[in-house]
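Turn these sequences into a full structure, and let the hints guide you.
Quick note, the sequences are listed as chains A and B, same order.
Per our numbering, the very first residue in the first sequence carries number 1; after that it's consecutive.
Per our numbering, the very first residue in the second sequence carries number 926; after that it's consecutive.
All clues stand as given, with none of them false.
Simulated restraints, written as ranges between beta carbons of each label pair: (1) Glu-72(A) - Glu-1700(B): 36 to 46 Å; (2) His-67(A) - Ala-1558(B): 27 to 37 Å; (3) Ala-630(A) - Met-1130(B): 37 to 47 Å; (4) Lys-1566(B) - Glu-213(A): 49 to 59 Å; (5) Glu-674(A) - Gly-1436(B): 51 to 61 Å.
Hints in this document: simulated from the structure, not taken from any laboratory.
Even for Gly, the Cβ is constructed at its ideal location relative to N, Cα and C.
Protein chains: 2
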Amino acid sequence: MASSTPVKLESKHVYSFGADAPTPPLDSSLLGGKGRGLAEMASIGLPVPPGFILTTDTCREFSKNGHHLTEEMLVEIRAAMKWLENVRGAEFGSIDNPLLVSVRSGARVSMPGMMDTILNLGLNDQSVESYAKRIGNERLAYDCYRRFIMMFSEIVHGVSRKHFEEAFHVLKLQQGIIHDHDISIANLKKSCLLFRQIHDEYCAMPFPQDAYEQLDAAIAAVFNSWDSERATLYRQLNKIPSDWGTAVNVQAMVFGNKNERSATGVAFTRDPATGTAQFYGEFLPDAQGEEVVAGIRTPHPLNTYQKLTSGSSLQSLEELMPEVYAQLHEIVIRLEKHYRDMQDIEFTVDNGQLFMLQTRTGKRTGFAAVRMAVEMLQEGLIDEKTALLRVQPNQIIQLLAPIFDTKAKTEAAQNLVGKGLNAGPGAASGRAVFTTARAVELNKKGIPVILVREEASPDDFPGMVAAQGILTTRGGSTSHAAVVARGMGKPCVVGCTELHLNDSTKTLSCGQHTIKEEDPISIDGTTGEVYFCELKTSPSEVVQVLITRTKKPEDSTTYQQYAKLMEISDKYKQLKVRTNADTPYDSAVARAFGAEGIGLCRTEHMFMDAERLNDVRRMFFSMHPEERKAAIAKLLPHQKKDFMGIFKAMEGLPVTIRLLDPPLHEFMPHNIDEINALAQLMGVSHEYLTQVRSTLEEENPMLGHRGCRLGITFPELTAMQARAIFEAAIEVFKEGKEIHPEIMVPLVAIPAELEHQLDIIKDTAQQVFAEKGVEIDYSVGTMIELPRACLLAGQIAKHADFFSFGTNDLTQTTFGISRDDSSKFVPSYVSGVSDPKNPQKNWQLLLADPFQELDRTGVGELMKIAIERGKDVNPHLHLGICGEHGGEPNSVAFCNQLGLDYVSCSPYRVPVARLAAARAALENK
Amino acid sequence: MASSTPVKLESKHVYSFGADAPTPPLDSSLLGGKGRGLAEMASIGLPVPPGFILTTDTCREFSKNGHHLTEEMLVEIRAAMKWLENVRGAEFGSIDNPLLVSVRSGARVSMPGMMDTILNLGLNDQSVESYAKRIGNERLAYDCYRRFIMMFSEIVHGVSRKHFEEAFHVLKLQQGIIHDHDISIANLKKSCLLFRQIHDEYCAMPFPQDAYEQLDAAIAAVFNSWDSERATLYRQLNKIPSDWGTAVNVQAMVFGNKNERSATGVAFTRDPATGTAQFYGEFLPDAQGEEVVAGIRTPHPLNTYQKLTSGSSLQSLEELMPEVYAQLHEIVIRLEKHYRDMQDIEFTVDNGQLFMLQTRTGKRTGFAAVRMAVEMLQEGLIDEKTALLRVQPNQIIQLLAPIFDTKAKTEAAQNLVGKGLNAGPGAASGRAVFTTARAVELNKKGIPVILVREEASPDDFPGMVAAQGILTTRGGSTSHAAVVARGMGKPCVVGCTELHLNDSTKTLSCGQHTIKEEDPISIDGTTGEVYFCELKTSPSEVVQVLITRTKKPEDSTTYQQYAKLMEISDKYKQLKVRTNADTPYDSAVARAFGAEGIGLCRTEHMFMDAERLNDVRRMFFSMHPEERKAAIAKLLPHQKKDFMGIFKAMEGLPVTIRLLDPPLHEFMPHNIDEINALAQLMGVSHEYLTQVRSTLEEENPMLGHRGCRLGITFPELTAMQARAIFEAAIEVFKEGKEIHPEIMVPLVAIPAELEHQLDIIKDTAQQVFAEKGVEIDYSVGTMIELPRACLLAGQIAKHADFFSFGTNDLTQTTFGISRDDSSKFVPSYVSGVSDPKNPQKNWQLLLADPFQELDRTGVGELMKIAIERGKDVNPHLHLGICGEHGGEPNSVAFCNQLGLDYVSCSPYRVPVARLAAARAALENK
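Here is the structure:
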């Protein structure tokens, strides 16, 4: 007989928890998230069924051992099982008194639906019979065995669940019933036989009768599931290293499907969609395991509050089992105090006895993240720094995203077809698609889609990634679809039961309203409403308060919470956050979002204006310098007017204006009509213009005649732009406004290029100052966007007041990848390239698209070199970044590490960058 | 009265030479080349008219002083003049006994025709009269004064010489004479008056009568001429720093135009065109200064040898003045022994007395450079190292350049219109152009031209740069045209007196033969022949011996000298020299030129073959992997065959094969016909193919889907190429031949890219080895051609046996300049960009085109980083370069400094690289 000694702490592969087991090291990277939660709950005395954890180290070792369990692991597993038998008073594999266990995966971070679970392991053909007798519940015993065979077949051998479900369906048809629980005991026994036959047929081997054979296979299958396609995709999307591995949790079974005094449920300590501080969850009476999240039966609300808000007519746990509810509520309050964060829990009530099966930090929407962070701070549960770390910077975007226009909704009232649960706030419109494949296909063509499913399974993950929003006709707000959508910040409506999805006719209907696949549909994840039409959107509450001024701050809780979070962000951040803006309007918007200046004002957009474009073209096509000068002179007042507007909008803050940058060919007439029009204007022949145009065409425009190369070839252009800036600055200054113009020379590769342009700028400044009788302060710097500029930064810094890293171009040249063309292969580098000779192997060549997230190793080192050399020569050198990376949180964190003075990003990313900068400052300490 | 003390050595600005002056420090960087030569000749007792030198430091100080002479300079100049007056027994500015001087420029290195000279300075309206009386030669005195006014006006005030020449021409017409020396004394005096009037009119000031005013203005003008347009252009072309400055030489006049016992001449201690060890030169009796090189009068040969070889009927110096000739010959022998190099000298015979006016190292053609180096070595005059340093690596190209085909010449005999002096060997055909402007214009359009001029002046320099060859109808082989052409290594025929160039009709004729401008013409600079037609060329002697085997080594002195130089080069060089070759033929050629392996075999050229291209296209357009595999399989035998040929040609030497590199779109069908043909072949629709093609088009192909990105997207392609290499290698190996295959993965930016490709290559190797039952050694490396690869070289080196620097792409990405598009602005960066507000200022943004000469600062630093990091991880890492720079001497020198193992270049550059490598090894010590 086994001893009752728990597995020792120094054990290499296995840690026990619950009962009399000592608390293992509470380290998620070793125990996985689920295992650590179970062990931690047990350690504070919460009711947790005992079990043990195979560590993530074991997973790595398993992989290295050719995907087999080692002898050592087997020895430890058996010892742990002996301990479990002892504390449960049952015997694993015994016919008379079998110990049943669950086998579950548990990675370091929660990967919902990605990994696999097997329940009721330990039963076989003989023991199911004696077990039924022993517990006096034949229905439970055979139902457990049936489910076990199905899960084992699916997870260990990849047999589709469909085969089992169809067989079960046939049995129900024969019996003339609809619901599973109406099935007769005889048919339930028959189903076990049928399921075994299906297993044996598809696996070409008999269903294992030996409990350890079952256990070892299940553990191996869970370890292997770490490398499954959807787990890999999830990791890549979430930047989870593939060498982390998963832990395996083996735990004594408890049964929520034992009788009417049993139940199983999932809950959040606060509402994960809105963030409201209300205990929130769902349960199913007399049900097992995955049934709640699977969304097959409509779950019951947990409490009266939730019953009222969701309008559910089902009995709540509070009503059905008031004592259990009270115990659960107490546990929930303890858990939130213990973890100081919203928890996502699973529980089972086994014949009136409550067991906790999981606790983990709950995923939440951006709205909920902000609300919880601010409210927990106000409750005194967390401090300011923790509050900042509770909101992912990108989640702020949700608070700024458009919502459906109220008027548009009223007008479209006849198209409002249903109301489901508001599982993921936000507005989404698109074509309705009914399969993941179709969602992926249309998304590739750039068509926005809404994925509509009866219930979403983990297989639907790629479709959810591809869709603008997710709608399910079944399932609750803790269902798979809801959890995943919240994680991705996508609008999501679940359990919209009024809708009927017909797979064979490919239609979605509600009473008389019917749409076909690819017809337009809109879902409001904030209210749960579904419309069979496209809907116009209007600005979010935050935007209404800050930008359109159509709402007062005091009328918007969301705005107040946003404002609070931003206030704390600004308190901790070190980086300034500027914006990339080319118009007075964009400048004003960015300023409302907290921009502390303009980091990049692109002057080329001002040239692209239809009215001015012909003057620009005239300049480049001119044969005579005089004609060129005349064309340039005509552009001056336009530029000046633009700059004045921007200086006013940014009064008191720095404004960095970049001189003309884009390739020459962008200014060329594009077709015969444009050529003819220009020829007429210039009084030259069509042929002449066509010829000039062809000489201006470039093989690789990104590496062509652009940036300061234009200003060197056409010095009059630089002089005109400098004049426009100085004249505008002086005029605004004379109106009594504080102005800080900064002139930026683009695409410098050679220090003398900057000197040349600086010479023109300084000379122009002196001329304008003399003409106007006013001198103003200004600075001149350069974009550092070429590898050579980084290397020669010391020489360049002699002539520069500031460096602004143009990381778009720097990434292009450092990698030798054109951003415009990167879509041909970069996505496959990120998602992974399959290995033809080894289908198991997936070459993930890049962890992230370097045009989205700054490449620290390559581009980052060049930036470091540039900063070091630049600062060495010019200690007062001001440093910033104005590439797209300036609004990407990981890149902002890197910029903070590098010691930049500011980041600059598009107006709507300014709040994201502010939070990212604050978090970076905290993480850097 | 002035004291006779020479200017002191510690003098800051002025050094005297000749007479009793002590020898100044013989430093060309201080005294300039001409000054140093004069001082050095004086120091070894040669007859040099006394004078003094204003140093190059003075030139720089002059510039800094706002282009004015400082008080200090003036004081020193006056002291030096006093000394000169004393040793010459004459007085500067005196009416009775005026001291006359020349003022000449003299930069550190010889810049022929670039700088300016003023003779006879010191005369004025009064002194010319008394001077005439004193020397008893009115003709000489007034001729001197006339020339002085003209030179002074031109050089100090920029008055065109034409105005003076026209006035003089009118005087001759009135007198009814043709030659200058037939002019009457009265008219000569009249010309002085006329010249003064021209001066006064154009300069709006009277011609200075004060000698010091003349001197100071002349010195300032020479200093200023350093910044003249043509001096600047010459410096840029020859990479001479613009801060070197020029010295000014002020020297007592001697007169070659005094009488029939006077003469002036230019000579080389050996023939500068062929290198033959014969004293070689030309002179004009009774002539002054620039007349010999100006090419107006046909000069006399120096000696009997030269008279015979040139077929001249004019009397030689040896005949006319045997004693002077004997003295000169003796001096020449002393000078060559003293300098141990061929000298370019100028001399004047003043009334029977010989004066040396210049000695400098003589410019020479490539042929002459090689011949002199090898012969001086054989004579024991120099050692091997010196011999190597005597030949510029690029000069070797002349020995390999095609010559006119003998048969073609025979057939074109009727078009042979004349024979001039063979001033620059080599064959050149093109359109005849008669002005520098036209030469530049046509050259810009890519049309080869031959510049035809009566005589070439320094103003023709840009035209000579633009032309394939130069032909003059007047002038000798020491004329300006000949000297400059030799310096540039261009074919040149001078003094082809049979030809008549008519400027007004724009025709060139010889008897009945007449051609118009832009008609074809050919010149043979080796023989002096001129043809009014285009001529076919045939291989050079060296190529005939080594490649076509149509000449025996013992029949070609040129070959023997080439071989000797190469033999010494190989003795001293440290770098191996490999070649870039894609075919067995190119490989064999390169091997004959001394290539020690293939550094770059581009496989894409093998794919471009019309026959194979459709299979390649099929591969990229395939919808089904099976179809793709079939297309790839069809390519295998072709590739294998190509590789076998190359392995055989390079038996025993390493062969680096680069996997497919160029942009995908290069393989696309280019027009409707090609699309239709391919569609038919593949059995798909025209529309489908057109659609696929448009998805494959790229904005910036250089930064697109190419290099290893292709091999990663299409792993079957890499597998096929690897298989072709291994199968070919094994087959050649089985024939008993030694093979060293090296496989190179292109365009790696991410270490995992190399790992991925390496995995396929290794796997393929194992498969092929198993199939064939043979294992061979091979290595796998990568091209380092992206900045990120340089930075991550440490990680890349873990998986690489070698790095080969692809400096073309590395330059593109480091600078952010596309080589294809660089012509839009890089040439102006090199030649200099004018400054609109300061026409004096010229912004030279690049010293050289970085695609021609490796950029040491930027690209070079990345190479250093890559080498350091790569070697650190993998000390056995083999290093090479395979960009175009591998055959450019300065870049080769840099590669030697970096410690690379080899350079690789095109076959015809291999000898250049060998010599460059040897010189680099010597210079590095």
